[in-house]
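A.B. asks: Residue numbers (my numbering), protein chains in the order written: chain W, 13 to 473; chain A, 13 to 473.
In case anyone wonders, no lab produced these hints; they're calculated from the structure.
It cannot be assumed that every hint is accurate.
Since the list can't tell identical chains apart, any single copy or any two copies may satisfy a pair.
Cross-link-like lysine-lysine pairs, in silico, BS3-like; alpha carbons within 25 angstroms at most [stated by the list, open to error]: (1) Lys14 - Lys462; (2) Lys163 - Lys185; (3) Lys82 - Lys39; (4) Lys462 - Lys163.
Just so you know, these numbers come straight off a predicted model, no measurement behind them.
Protein chains: 2
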Amino acid sequence: MKLVVIGADAAGMSAASQARKRRTPDKLEIVAFERGNFTSYSACGIPYWISGVVSDRDALVARTPAEFEKAGVRVRMRHEVVAIDLDRREVVARDLEGGGEIREGFDELMYAAGAVPVTPDWARVDGGGVFGVQTLDDGSAIKVWLESDPKPQRAVVIGGGYIGVEMAEAMIKHGLDVTLLEKSSQPMSTVDLDMGERVRAAIDGLGITVRTGAHVQGIETSQGRVRAVVTADGTVPADIVVLGLGVRPNTALAVESGIPVGVTGGLRTDLRMRVVGPEGHVEGLWAAGDCVQTTHRISGQPMHAPLGTHANKQGRVAGINIGGGYATFPGVIGTAVTKVCDLEVARTGLSSKEATRAGFEYVTATVESTSRAGYYPGAETMTVKMIAERRTGRLLGAQIVGREEAAKRIDALAIAVWNEMTVEEMTALDLSYAPPFAPVWDPVLIAARKATDALLAADQG
Amino acid sequence: MKLVVIGADAAGMSAASQARKRRTPDKLEIVAFERGNFTSYSACGIPYWISGVVSDRDALVARTPAEFEKAGVRVRMRHEVVAIDLDRREVVARDLEGGGEIREGFDELMYAAGAVPVTPDWARVDGGGVFGVQTLDDGSAIKVWLESDPKPQRAVVIGGGYIGVEMAEAMIKHGLDVTLLEKSSQPMSTVDLDMGERVRAAIDGLGITVRTGAHVQGIETSQGRVRAVVTADGTVPADIVVLGLGVRPNTALAVESGIPVGVTGGLRTDLRMRVVGPEGHVEGLWAAGDCVQTTHRISGQPMHAPLGTHANKQGRVAGINIGGGYATFPGVIGTAVTKVCDLEVARTGLSSKEATRAGFEYVTATVESTSRAGYYPGAETMTVKMIAERRTGRLLGAQIVGREEAAKRIDALAIAVWNEMTVEEMTALDLSYAPPFAPVWDPVLIAARKATDALLAADQG
């Protein structure tokens, strides 16, 4: 038996490792193809490496090709799979360094080609200094550019999502003048407007110039270097441009081999991460990570959720099943977290906008409290917002903005959302209390109380 | 209508406040009796006030008598209720300052007399310098004693639970030589032995002398001052002795008026916090806080859980019901948290010992991971232990020991326990991930994976 893996990053190599754990090399040969220079690295860590917070690029690599080889997983680096033949059960891979192509037969095929940055036509320019932030190679290129001559002074970051905001902060740490262009009315629009305002204030506080409602029309270059970003409202000079416009599933190869994608552009899979085609799952074809479509457990809608944590879990599930075990991936609930300077931002479940789009009627409750007992030194303001469905009282989503020790508390709310708890039941939760860790009424409990009151008021109204 | 409240601390005054919120003073008169000098204070904060971490005693008082009066709640301070007549619907209270007794009729009676420290006969000594840590008055007395002449040099803390360990650290902060006497094999025995070892190391690291298996037989005094604590293994000199032997429900008054207590010594209540007597609930009699017995939701067993956070919730529930609303308190799951120096310790659900006692068969899984991505600055080691029931795979309990930002993560596990999640399902949880906040596999997820593997191994064995 042979397993071929396309893409040797989180999803692919989690699958390879789990399959190897269950099947010795004499029972299952594993060959992974990777077009890039690295295996299993933390893409989420790139902004922190660029900013200098993390000093060592190699620290971002969880496991090297040599380590995989030692564990009995063959890794062909700088080999790009260019064709999949499902009938003949083989892939064709191009050697990007040595040239030439090789064919590799398979019994099981793990498709983990990841995602590609969204790059509008206007972003496809010849000049140097325009970067995506997708791979370690992108990170290296940015670091080289920042030290190039003449040294860049002005950065424009396009897109105010997680990566955009993290990269804007990284550019500030390099001493650049930074402008962040966001097309909607607020950066970090994955949280509600009232919560986003607090994030916006932190971004402003870093000295980043934020331009919302920005419609980028083009990028100006001269003499091989970027010069400015052109928007509907004027031109912003730039010596470096960072694109934070999100990513889309990298499914071209699968589509060419006859596998249709889902409405989000990602491959459809079943719960075991088997790829689903027009006639049910395709025997021996697996997919995981940024190239697949998953389900939001609260809205019930398909979504594309390109995050390393999902890629690892999905890859693990695929690998367990490939190895003869049984595991399932039940979908996501949209949990995410980041920080801006020392302001922590976290969300789970549905935002107000998402809840509306999904068809829910809901109430919201926002409370300001503190991270520790008010009298305990170091207590920091913390804002918790809850979104609860009318009538049922079910917690649909929650958001937290605060300083030290605030964001990771979203996990408690994520588990409440996952279990479809009502906010009323949540008022009774036995959460941890001691003065150094929480007020006697934990902010989560206060929010649950307020949401319960809001439900009562809504149903009386 | 008149509501009389016995005990003007967390439980009683939460009830008073909620009842007042729903019933105006013309509809409901509220009178609270308090034998002490303070209302609604944070008893959990006392060790931190004694240590000097919290500098202001008044900061521990959430709401003063004057504030309650302003809100339409009459508070009779330094009045101790000495008799309850359920037939005549009145209480008798003694004025501890002015002398004399008053009678107060009631329609509804809220019993919130709290707890009293466990004080063995050997601890009842005439000498000064032996203290419980139950009330703000106790705290004041300790602070005065620490500054008395001759200045105490050697402290002995008896009992290695939360309060004992917190007080031992407070004594170290005052520069004393501190010995902690614990009768079991390890302090902080509310966590499993393997987790407790880590706590023990932190206690040792503070310079506290820990003597386990210690059987205290007496306290020696001379010239009105404590001199030593006598144990079966020898005598430990002491200029101050702090008792951390736990508390028992203060139910004497209720018992005298004919209300039987439960097996834990606490008053039994129904879900709405109505006191339950031999023939069902007693009309118009409510109880909450450290004087009641509650139910552990996982073991199904009655337990005494004297914690401010429960007292507040139970009091709130009683008050809502007294005020004509509807609310219930569904029991606890044994969540608790503290810190020793910078080592954080947290638990929820059942410990191994408790699970065994409750009749469960279970597996355990302990993992060491980090609080942030391993490459992110400030990542600290974190240990997570899970206890899962055999066959069902249900999470019965969990414990966390770690540095910065570790302990409060117990809330996520508490909500998983509360919802009776299986560790298998937990491997798929959508927990927050970003390098400053967690490794890509959150420690909780790694523990869930390991517990799942342990279950599989147990059922194959």
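A.B. asks: So, for every hint listed, does it hold in this structure?
C.D. replies: Results of checking the hints against the structure:
no. : hint            : in the structure
1   : Lys14 - Lys462  : neither (57 angstroms within a copy, 28 angstroms between copies)
2   : Lys163 - Lys185 : within (14 angstroms within a copy, 52 angstroms between copies)
3   : Lys82 - Lys39   : within (17 angstroms within a copy, 79 angstroms between copies)
4   : Lys462 - Lys163 : neither (52 angstroms within a copy, 50 angstroms between copies)
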